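S.K.: Here is how the chains run, residue by residue.
2 protein chains.
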Amino acid sequence: MNPASARPYRGVFPVAPTIFDDRGELDLDGQRRCIDFMIDAGSNGICILANFSEQFVLTDAERERVMDAVLKHVAGRVPVIVTTTHFSSSICAARSRQAQDAGAAMVMIMPPYHGATFRVGEKAIFEFYRTVSDAIEIPIMVQDAPVAGTPLSVDFLARMARDIAHLGYFKIEVPMAAAKLRDLITSGMPDLRSTVELGPSFDFHLFRSENRRVKLDLRMPVAAARSCRRLQRGTRPKINCSLLRPVS
Amino acid sequence: MNPASARPYRGVFPVAPTIFDDRGELDLDGQRRCIDFMIDAGSNGICILANFSEQFVLTDAERERVMDAVLKHVAGRVPVIVTTTHFSSSICAARSRQAQDAGAAMVMIMPPYHGATFRVGEKAIFEFYRTVSDAIEIPIMVQDAPVAGTPLSVDFLARMARDIAHLGYFKIEVPMAAAKLRDLITSGMPDLRSTVELGPSFDFHLFRSENRRVKLDLRMPVAAARSCRRLQRGTRPKINCSLLRPVS
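Residue numbers (our numbering), protein chains in the order written: chain C, 1 to 248; chain R, 1 to 248.
With the rest of the complex left out, here is chain C (with noise of 0.2 Å):
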């Protein structure tokens, strides 16, 4: 294990496209090497099955082969995150279990959501999340995406990081979200310590701190690529931190 796998995990966890061949079948010879070019790149992570994997056009059966393809090709040479979505309570849960026995080091799921119109309310969302982390010992990451059409309170999201014991991580990805970070981070979390700096040639939001709710980039592989690059060549800003997403 590599440093960056110690918890808190810290630095550039890259999202992994599924890789497909020219009849749309799944490629997983393609998917392995993508991955290690991923983490030939530095990447300090990879989290897979996201929507920019594009989850959503797998059958059940192919999501897991691409699980159990990466999890075991990467050998925990990183940690790796499995999204495992799914407006069910219980097959979500299901899902979790099966990421972390097939050896993932965390869970990344939206709240319930399908399509445009069907969305549940807070008191929903917080037994949702409360049953997948009773079934699981791993880390929960928090999905806060427009995608789902769920918005999230501050409060809230502070709240389900209290009360949930696995869940302790976000990914914020709505508009404003170093706004909402800072704002998780100094009225809703009061066990989080914010330094938020910019890094020497990129925009990233960072901050530090030392628990284990610490917010991770998951960006794009080849933007990924460039940063973890970047960060090799020595250019790497103070990260005894998490990098958010870069303000465009």
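FYI, nobody ran anything at the bench for these hints, they're computed from the structure.
From a predicted model like this one, the values you see are computed outputs, not experimental measurements.
Glycine residues also receive a C-beta, built at the ideal position from the N, C-alpha and C atoms.
A couple of the hints might just be wrong.
[What the hints assert, rightly or not] Coverage of chain R stretches by chain C, computed from C-beta distances (three or more under 8 Å per stretch; other residues unrestricted): (1) 31-45; (2) 57-63; (3) 143-155.
[As the list claims (entries may be wrong)] Mimicking SDA-like on lysine to any residue, the simulated pairs with C-alpha atoms at most 20 Å apart in a straight line are: (4) K180/R / P146/R; (5) K123/C / H73/C; (6) K72/R / I39/R; (7) K72/C / L28/C; (8) K123/R / V57/C; (9) K123/C / S88/C; (10) K72/R / R33/R; (11) K123/C / G24/R; (12) K123/C / V57/R; (13) K123/R / G24/C.
Got chain C sorted already, so can you dock chain R onto it with the hints?
M.R.: Same frame as chain C, now just chain R:
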């Protein structure tokens, strides 16, 4: 086969709920009782695995178990429409082929969508439906629903019905459905002859067609059972045509 099963399909086709037990597991015995209730009430056909059926809380394997159980239990008593929507055209085509091979009379399909934000344009939607059509020999019903978050113009629907072999039915459930149907019939699809009528005691919009391009009413089971019983009691309006969604 009863007369309702002859094409073009006519009458009330309720959507069946998926039946779960107290633990949230599939209750296939309950599912069969539910289907019998709906047939006993006079349903002219049944639609399964729709949004009202909570298809989005099922695994792929559970979908197949529900489909196989219902089709085997109905055993041709009424035509069964199976919803096979998926973002992936190849997965939707495979699901649709599987439904046909298991005895489905029709498949119902929304255009590709995921969550609040992932949508595709008309060209890709057209190719999506054509790919599915090329894989099957039974009719496709386009589900024009707010949940898909994809506006489908009258001209586009008419063009698809004209140019895609098995695309011949529509479930219009967007606001102003009656107006959209009138436009679809009168301007977009000259091979449809429209007689929009009102039932005697419920406000259905009806219309008549002399070819295969007919709309069906896919309604909630209780409301549909009430409608069916009214039809059986002789208060049936002049239904040599299809029922559409009630106008509230």
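S.K.: Does each hint hold? Answer for all of them.
M.R.: For each hint, the structure was consulted:
1. 31-45: Answer violated; 0 residues pass the 8 Å Cβ test.
2. 57-63: holds (count 5)
3. 143-155: Result for this restraint: holds, n = 4.
4. K180/R / P146/R: Between K180/R and P146/R the Cα gap is close to 14 Å, so the pair holds against 20 Å.
5. K123/C / H73/C: Violated, at roughly 39 Å.
6. K72/R / I39/R: holds, 14 Å
7. K72/C / L28/C: holds, 12 Å
8. K123/R / V57/C: holds, 18 Å
9. K123/C / S88/C: The hint holds at about 15 Å.
10. K72/R / R33/R: Status holds; Cα separation ~13 Å.
11. K123/C / G24/R: holds, 18 Å
12. K123/C / V57/R: holds, 18 Å
13. K123/R / G24/C: Holds. K123/R to G24/C sits at ~18 Å (cutoff 20 Å).
When each numbered hint is compared with the structure, violations occur for hints 1, 5.
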